[in-house]
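Listed below are the residues making up each chain.
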Amino acid sequence: MSSYIANTENEVKEMLAVLKISSIEDLFQDIKPRHAPQSFDVPQGKSEFEVVQHLRGLAAKNLSGIIPFLGGGYYDHYVPAAVSALASRGEFYTAYTPYQSECSQGTLQALYEYQSSICTLTGMEVSNASLYDGGSALYEAVMMALRITKRTKVVMSAGVSPIYRKILKTYTYNLNFDFQESSVVHGHSNREEIYKLLDKDTACVVLQNPNFFGAVDDHSDIVNKAREKNILVIESVYPVSLGLLKTPGEMDVDIVTGEGQSLGLPLNFGGPYLGFIATKKKYIRKLPGRIVGETTDIHGQRCFVNTLQAREQHIRREKATSNICTNVALCALQAVIYMALIGKQGFKELAQLNLDKAEFAKKVLDEIKGVEVKKGTPTFNEFTVALSRDASEVTEAMIEKGFAAGFPLGRYYPDMARHMIIAVTEKRTRQEILDFAGALDAVLNG
Amino acid sequence: MELIFEKSVEGRQGYRNPCGDIPTRTQLPSGLLRKNECDLPEVSELEVVRHYTNLSQLNFSLDTHFYPLGSCTMKYNPKFTESVAQIPGFSELHPLLPQLRNGEKFTQGALEVLYNMDCLLCEITGMDAFTMQPLAGAHGELTGVMMMAAYHNAKGNKKKYILVPDSAHGTNPATAATVGYEIISIPSDAHGVMDMGILKQKLSHEVAGVMLTSPNTHGVFNPQIDQVAELVHAVDGLMYYDGANLNAVLARCRPGDVGFDIVHINLHKTFGTPHGGGGPGSGPVGVKESLTRFLPISRVEKKADDTYSLNYDYPDSIGYIASLYGNFSIILRAYAYILMLGKEGLMAVSDHAVLNANYIQKRLKPYYKVAYDRICMHECVLSAENQASQGVHAVDIAKFLIDKGIHPPTVYFPLTVKESIMIEPTETESKRTMDLFIQAMIEADALSKKDPDRFKVLPQTTPVTRPDEVRAARELKTNYFQ
Amino acid sequence: MEVIDHFLYTKEHEWVNIEDSIATVGISAYAQSSLGDITYIELPAVGDEVEQFGELASIESVKAASDIFSPISGKIVEVNTDLDQDPGLINKSPYEKGWIAKIEIADKEEATNLMTADEYENFMETA
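Sequence lines, in order, name chains A, B and C. According to our numbering, the stretch in the first sequence is residues 29 to 474, in order. According to our numbering, the stretch in the second sequence is residues 43 to 524, in order. According to our numbering, the stretch in the third sequence is residues 201 to 327, in order.
A few of these clues could be false.
Claimed, not checked - In silico PhoX-like pairs for lysine-lysine, Cα to Cα no more than 25 Å straight-line:
hint : chain 1 : residue 1 : chain 2 : residue 2
1    : A       : Lys89     : B       : Lys345
2    : B       : Lys244    : A       : Lys347
3    : C       : Lys263    : A       : Lys314
4    : C       : Lys308    : C       : Lys263
5    : A       : Lys429    : B       : Lys147
6    : B       : Lys446    : B       : Lys404
7    : B       : Lys411    : B       : Lys345
8    : B       : Lys411    : A       : Lys48
9    : B       : Lys121    : A       : Lys74
Treat the hints as calculated values from the structure; they're not laboratory data.
Whole structure, please, built from the sequences with the hints as guidance.
Have a look at this one:
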């Protein structure tokens, strides 16, 4: 048995002697016999080798080698080897929250660089040091808007990820907020419906770009309209698309959030991921979570610290801006390393590649009988198709052919059972796209 | 050190994108395109590698330094748990696969991990069912308190307050407030546990529940914990267990056996997953039978044919608290850790964690005021009050330790103890390491008497000394481009 | 710790200087010193109505955040906007340049709920 315990029998004896007790048992006298476990039926320990074998066996039960055209907010991008090589360095991986800034400058500077990268990516002025994931980041943004405006109504576009919308409803169930959803027409947020919902109680409008159907939009007009009533606009974005697309900053959006998984994090069956949130400088004190700021030390050298901690739960307790304690520093580190590696030019190219490959796929798929690629709104690397059959049946059949074909929309939009969204990242080759089209043709028309 | 942006040279590239095998370039309408450049750095891969390697070396970490940070359980993070997390069968698995029709059969291994962890954590804590979804400890608290609210709403209970001891982590009151409850803070008694008399006064039918850490942040296990539970249950309140300090009582006391109804566990504390410089964490939540119907969806279930599935069909569920199934690869690491330690190993954890903390407390007692002079659990709380009378505060001692190559303990928490220094060595540290720490603490005390001014310019071995936090907060520069 | 003789004080360490119908409000030397270097103050808006002992402003230092309560009821007629640029004025000059707000007093009788300078000094010694 190791348990990674270092003490030898002799050392234990020496320590017990210092404590003037005869056994470790004596240290547990506050735990009375009536508190003892009624059972503790955990299996006997195993060697490292045995555990690894067991887990390799479980991993083998998962599908591997499938070619993914599946997105829905989580994308199969290539992660350069340097990302995990650097992020798994023990000095980052096994450090904790940088409360002692003198011995945490590595983490602090990396988080400052992360914040700066998110700002230039989104065109916003300030970012925090990360949140749990895209869904919880959107929730925090909504709570922030409610605090800033001291209003109670939230207007949400149906183009926002249905998973995120469900999370928002769960979190606010016990609070008295009014959620209103506007529908999506032709893939774009329905302006008319949104404008009708905007009133003096409205705190914010929540949008997504590209939206869940893949449609790319310019929300400047909604921002202008909301501004007339001092309503804030929140936009959830897909960071890779910002290599090309008009930024939330350029649309004058107030709070931006998103899922940062596509910035160098493996899919990992759902986590850990990276929630990012950025806003205007005037709202920085309403931001949740950690924020790293620049300062100088007693020798006048530039350095970095956790700042504005008075917003946080460990100081303000029940009056904190959020209950969040930790962020996802290691994921933010992966993201900043990823962005530095891909670089200014590379990021533009990456976005263009995603767009080009998706457009190629759209063209090829549209030629298949029984597939109608939804047109009318531009898309980035994900798009909606209408099929001649139930999309769930089609994706099931496509897996047998080696493709994760896309995400059927019927699960979250019951009147869209024949629709699915298909994602094409830079990793998909021309040949894979052609094979995919061939397989889909066979499933639909074979 | 220079920022990565300051190393940027126009035209330099660190990465080559996959070849564009699609000849046509698509042009989106110009109104949809960004006009301002995205000013990511232009650096070579070597520069990136060197930059972040050099940055890493500015950190203290568990792999490089003793890290007795109280309440954070900085135990060794076994290297093999990271390598299992990188097995492609797990790391490349798309989370929406099981949401495709019959897609579950393609993720059976991952679902089995989640299911097995649910069972293991139930056995370890004495609860009836777990959700793996909460993404951190505080997120677990939020999930737990939302279930508390759902329980009371379902019973038609009109509840207004949550009671929290004054020694609690700040996340407890912050979470309760986030769910819409008002907080009543209960002071500690002379033994460092929640004052029973005041608890009785404050308990009423308007109390939704009590949130407790056990042992608490004073490092004290409340021997009357089961009586507290009886009192709270008598007003139909629920007992919430903040699992921050579970390491102290593993296999010694299960929260489910002493009256707790809801439990969250910090996998990154008790089960050795990495702290990562501040996350990602993972905060699974367990509940007793009376609350299982409120657990978030989806829930992982084992079917009669021994296959695993995701069940979303729980009409009373509080709903979605996370986008997917939790921080899977963190859960996977903790699962590997638990399997490796097994029953005997987990029992040894609490034994040695508690022994080590008591050893430190006893050895330092002649030099530092001990907040609660009694046997402690896995952590001890000292106070630098004596040293502060010489002008040497807890923070100064922290900076002194940095120069000795030791990460400082938690200082100024718990808030109930003046000049507090909270020390948690964990079970994975050796007596030799602790002796070096004790020696450094004794030297700090001696220096505080001899030359208190000396502390103000410490640390001197680090790249920076005493950053100006006031300036940081007043000038607020949080973005290189601003 | 310095107190000003003709000002009145609260148990939460705010001071008020009443001149005719206008009350000038700030925090005491003791309050600023226990908070440490003040980094930010969230000021009320001119025109806001405040109640005696109700929330008036909130103040932050590096390690603490606290609310400031109004010593007296009334309408805010002026706030010290210099504090936006230099919140440290509260540390440097708590009773003069660090004033927070001026309030048009609703009910002068409320002054009887406050402490005189002598009473406040006694209060600080016993507390």
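### Query
When the hints from earlier in the document are held up against this structure, which numbers fail?
Hints 4, 7 contradicted; others consistent.
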